[in-house]
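Residue-level listing of the chains:
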Amino acid sequence: MSRAWGWPAWFTILVAIGLASILHLAVGAKSIPWSDVWQALVAYDAGNADHSVIQGARLPRLWMAVVVGACLGLAGVVMQAVGDNPLADPGILGINSGAALFVVFGLLVLPGNDMTMIPLFAFGGALVAALGVMLLAGRSHNPVRLTLSGAMMAALFSAITAILLLLDQQGLDSLRRWLTGSLGVAGATRPTWLWPYVVLGMLLCLINVRALNAYRLGSQAAASMGVNVLKMRLVSLAAVVLLSGCAVALAGPIGFVGLVVPHTARLLVGHDLRRLLLATPLLGALLLILADVLARTLVSPYELNTGIVTALVGGPVFVALVLRKQE
Amino acid sequence: MLKATRLRLHFAELKVLDDVSLAIPEGRFTALIGANGCGKTTLLNVLARMLRPASGEVLLEGRSHVHFSRRDLARRVALLPQRTVSPAGMTVRELVMQGRYPWQSWWRQWTEQDQRAVDRAVALADIATLLDRALVTLSGGQLQRCWIAMTLAQDTPVILLDEPTTFLDIAHQIALLELLVELRDQGRTIIAVLHDLNQAARYADNLVMLRQGAVHAQGSPAEVFTQANLKAVFDLDAHIITDPYSGDLLCVPTSPGRARPAPPPAVCRVGP
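Each protein sequence line maps, in turn, to chains Y and G.
Residue 306 in the numbering used here sits at position 306 of the first sequence, and the numbers go up by one each step.
Residue 176 in the numbering used here sits at position 176 of the second sequence, and the numbers go up by one each step.
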């Protein structure tokens, strides 16, 4: 195992996030010079059209990318740690699909719901999916079985979602973009009611960090050191459900971020969960900012969905991880 | 200090522990011995509350140990499991420091006392030269010593060890057993599952012989390390002899299938 890079890694990550953010603000349907981007941030002029684009549309979207990426990165590392499975990810294990199904069901089928109910639906769906995958995977502690159970759950939930949407053609049009994972949908409405859940999910991860670290030595050794393993698993489950649910509520099911980010983070800062829990939200944010830049520039003037870009990046990484594990 | 009353446990139909009652003497070295599958590891795991018995209870400091929180229990009882894992990217130092887990919390991070416990454990287990190595690069014997150091860093009055001498060569086995005796002399209560009967008889103060999930015999080696007990517990024919150098008891298995060749007949002189 290579040694962690130490502080240069952290410095690089932070600088990269800063640069990616400015890039994110500058590119788009109308390219805005970097100097104007800077001016819009530090000396906002309401009369300047470019400034209002930046402050009104692009900055919320950037903020969305940061939060969604941070949630997915954290959820991924917690799932990998507690499941002792390097292939765990809220997308691959069907948790995002479960959350998406419940949101679609809630909005289309149950009457009289407004947007504030979306996160609750998302949490419900994420919880049902997580419990379903855990039941299917059994107690055998077999990574392959867990991954297959998750893939099956994801397929099942997506199929049900598709059926629901076929029944409601209008709903399909408004939800289609959200369902492949897009930061552009919720960006305008600034769903501030979601922040408490995001913060709670992150706090739960933080509470759990010592136990997760001890759990690396196996559940028996962890228990003999004083870890309450059941409590640690429940707190982790709650954190994953909250974080994945928030990400889905904000941007739809975006896959592979929770898979790619923890592996990258381990290369940069090592395997200690205390460092990983700090590095994964940062790297998740960075990945999602860059993915969103690509999504908005690759086929300009059209726009790809962010989830499609992360799948394009994450799919090959997933295959590489499986191949490396088989060697 | 540690006392088990009427423990019963079965996996499906199989009785693993059948009415086991034990009083572990405080500040002594107790060895659990018995044939494969007789319930030694299970008993150790029940004592450490890794497994919940179907009935019966374990008393620690006079109260049932289910009333202790995991952390409070871990400050009193440490367990070295039989099988251990080597997480990727973890160094020996990180492993040993993990042993301080029950003594730390969010508001009480690394202290002088933690550092002293780790230093002492590292010195006792003799792993100072390995501290910066990654666990995955160690040999089985080195790894075992590092895990023992982690268990010692936990700094508990009671230490449970499940076959701690596995993977160790003979010199390191003896070094470990001497270490356990040293810990006992410091007042700690040691309970170890041991496979080597002669080592158990030599180093332990108290032998617990298990047979099919029940206690067959319990007491000092002089009391229970007998030909009859070995026959009953292991179905082993052996002589018990006394080591002429140390005075310890030794069991020497007899090999009925490989009888010593008859001595050459005395030469008979036939003569007038």
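Note that these hints are calculated values from the structure, not bench results.
Any given hint could be a false lead.
Unchecked claim - Below 20 Å or equal to it, Euclidean Cα-Cα: the simulated SDA-like pairs (lysine to any residue) are:
1) Lys231(Y) x Arg139(Y)
2) Lys231(G) x His195(G)
3) Lys30(Y) x Pro301(Y)
4) Lys30(Y) x Tyr44(Y)
5) Lys231(Y) x Arg188(G)
6) Lys15(G) x His67(G)
7) Lys231(Y) x Asp169(G)
8) Lys3(G) x Arg184(G)
9) Lys15(G) x Phe234(G)
10) Lys231(Y) x Arg49(G)
11) Lys231(Y) x Ala134(G)
12) Lys231(Y) x Arg71(G)
13) Lys231(Y) x Ser246(G)
14) Lys231(Y) x Arg75(G)
15) Lys231(Y) x Met50(G)
16) Lys231(Y) x Leu298(Y)
17) Lys231(Y) x Trp103(G)
18) Lys30(Y) x Val319(Y)
19) Lys231(Y) x Lys231(G)
20) Lys231(Y) x Asp72(G)
21) Lys231(Y) x Trp106(G)
22) Lys231(Y) x Glu57(G)
23) Lys231(Y) x His67(G)
Unchecked claim - In silico contact screen, one side only, chain Y against chain G (beta carbon under 7 Å); selected entries:
24) Gly6
25) Ala9
26) Thr12
27) Gln170
28) Ala214
29) Arg216
30) Gly218
31) Ser219
32) Ala221
33) Met225
34) Asn228
Positions of the beta carbon are idealized from the N, C-alpha and C atoms, including for glycine.
To see whether the hints hold, each was checked on the structure:
no.: 1; hint: Lys231(Y) x Arg139(Y); verdict: 17 Å, holds
no.: 2; hint: Lys231(G) x His195(G); verdict: 16 Å, holds
no.: 3; hint: Lys30(Y) x Pro301(Y); verdict: 9 Å, holds
no.: 4; hint: Lys30(Y) x Tyr44(Y); verdict: 18 Å, holds
no.: 5; hint: Lys231(Y) x Arg188(G); verdict: 30 Å, violated
no.: 6; hint: Lys15(G) x His67(G); verdict: 26 Å, violated
no.: 7; hint: Lys231(Y) x Asp169(G); verdict: 39 Å, violated
no.: 8; hint: Lys3(G) x Arg184(G); verdict: 18 Å, holds
no.: 9; hint: Lys15(G) x Phe234(G); verdict: 18 Å, holds
no.: 10; hint: Lys231(Y) x Arg49(G); verdict: 16 Å, holds
no.: 11; hint: Lys231(Y) x Ala134(G); verdict: 29 Å, violated
no.: 12; hint: Lys231(Y) x Arg71(G); verdict: 13 Å, holds
no.: 13; hint: Lys231(Y) x Ser246(G); verdict: 51 Å, violated
no.: 14; hint: Lys231(Y) x Arg75(G); verdict: 19 Å, holds
no.: 15; hint: Lys231(Y) x Met50(G); verdict: 15 Å, holds
no.: 16; hint: Lys231(Y) x Leu298(Y); verdict: 45 Å, violated
no.: 17; hint: Lys231(Y) x Trp103(G); verdict: 18 Å, holds
no.: 18; hint: Lys30(Y) x Val319(Y); verdict: 36 Å, violated
no.: 19; hint: Lys231(Y) x Lys231(G); verdict: 46 Å, violated
no.: 20; hint: Lys231(Y) x Asp72(G); verdict: 16 Å, holds
no.: 21; hint: Lys231(Y) x Trp106(G); verdict: 16 Å, holds
no.: 22; hint: Lys231(Y) x Glu57(G); verdict: 23 Å, violated
no.: 23; hint: Lys231(Y) x His67(G); verdict: 16 Å, holds
no.: 24; hint: Gly6; verdict: 14 Å, violated
no.: 25; hint: Ala9; verdict: 14 Å, violated
no.: 26; hint: Thr12; verdict: 20 Å, violated
no.: 27; hint: Gln170; verdict: 50 Å, violated
no.: 28; hint: Ala214; verdict: 5 Å, holds
no.: 29; hint: Arg216; verdict: 4 Å, holds
no.: 30; hint: Gly218; verdict: 5 Å, holds
no.: 31; hint: Ser219; verdict: 9 Å, violated
no.: 32; hint: Ala221; verdict: 6 Å, holds
no.: 33; hint: Met225; verdict: 4 Å, holds
no.: 34; hint: Asn228; verdict: 5 Å, holds
Violation of the numbered hints given earlier is confined to hints 5, 6, 7, 11, 13, 16, 18, 19, 22, 24, 25, 26, 27 and 31; the remaining hints are satisfied by the structure.
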